[in-house]
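Produce the complete structure using the sequences and hints provided.
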Amino acid sequence: MQTDGRASHAEMARQLEVSEGTVRRRLSRLLEDKIIRVIAMAEPEQLGFHTSAFIGLQVDPSRVEGVANELVNLPETEHVAITTGSYDIFIWVNLASSEALASFLHHKVGTVDGVRQTETFVSLETRKRTAGPGLPF
425 MQTDGRASHA EMARQLEVSE GTVRRRLSRL LEDKIIRVIA MAEPEQLGFH
475 TSAFIGLQVD PSRVEGVANE LVNLPETEHV AITTGSYDIF IWVNLASSEA
525 LASFLHHKVG TVDGVRQTET FVSLETRKRT AGPGLPF
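Following our numbering from start to finish, the sequence shown increments by one per residue and tops out at 561.
Be aware that one or more of the hints could be misleading.
[What the hints assert, rightly or not] So the derived label-pair ranges between C-beta atoms look like this:
id, residue 1, residue 2, range
1, 454, 549, 45 to 55 angstroms
2, 463, 532, 23 to 33 angstroms
3, 433, 552, 23 to 33 angstroms
4, 527, 490, 21 to 31 angstroms
5, 544, 471, 33 to 43 angstroms
6, 531, 448, 47 to 57 angstroms
7, 549, 438, 50 to 60 angstroms
Hint data in this document are derived by calculation from the structure and do not stem from the laboratory. Just so you know, even glycine gets a beta-carbon here, dropped at the ideal spot from N, CA and C.
Okay, structure coming up:
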């Protein structure tokens, strides 16, 4: 499913060498147990988002949860993670341009109470992008 989300149950059954019913039951169980979800993955560049960046944030310790929650609500953030190490939070954004990134940092991230410092890592080239870890079957 991760390589071809539109593959039929019959095609998956052939590839896995199991019955179509087995595929249907496994998928139903994985969906019901919220182990997987079916989504469409857009290609950012095709939609006009040419600047991808990872942003590390140092945050006041008492504000980590609150800052993370505020960042989750920003439409620009694709990934928000509370982390260990030099940064308390990492976010991932895809934006139209470096100017849009500068505006996002100044007008959005820069106005969040509790953010002490940021460091931005702009992606020069994306070699791999997936929706999550591979499934064990």
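Checked hints:
no., hint, result
1, 454 - 549: 45 to 55 angstroms, "violated (33 angstroms)"
2, 463 - 532: 23 to 33 angstroms, "holds (25 angstroms)"
3, 433 - 552: 23 to 33 angstroms, "holds (28 angstroms)"
4, 527 - 490: 21 to 31 angstroms, "holds (23 angstroms)"
5, 544 - 471: 33 to 43 angstroms, "violated (21 angstroms)"
6, 531 - 448: 47 to 57 angstroms, "holds (48 angstroms)"
7, 549 - 438: 50 to 60 angstroms, "violated (35 angstroms)"
When held up to the earlier numbered hints, the structure conflicts with 1, 5 and 7 and fits the remainder.
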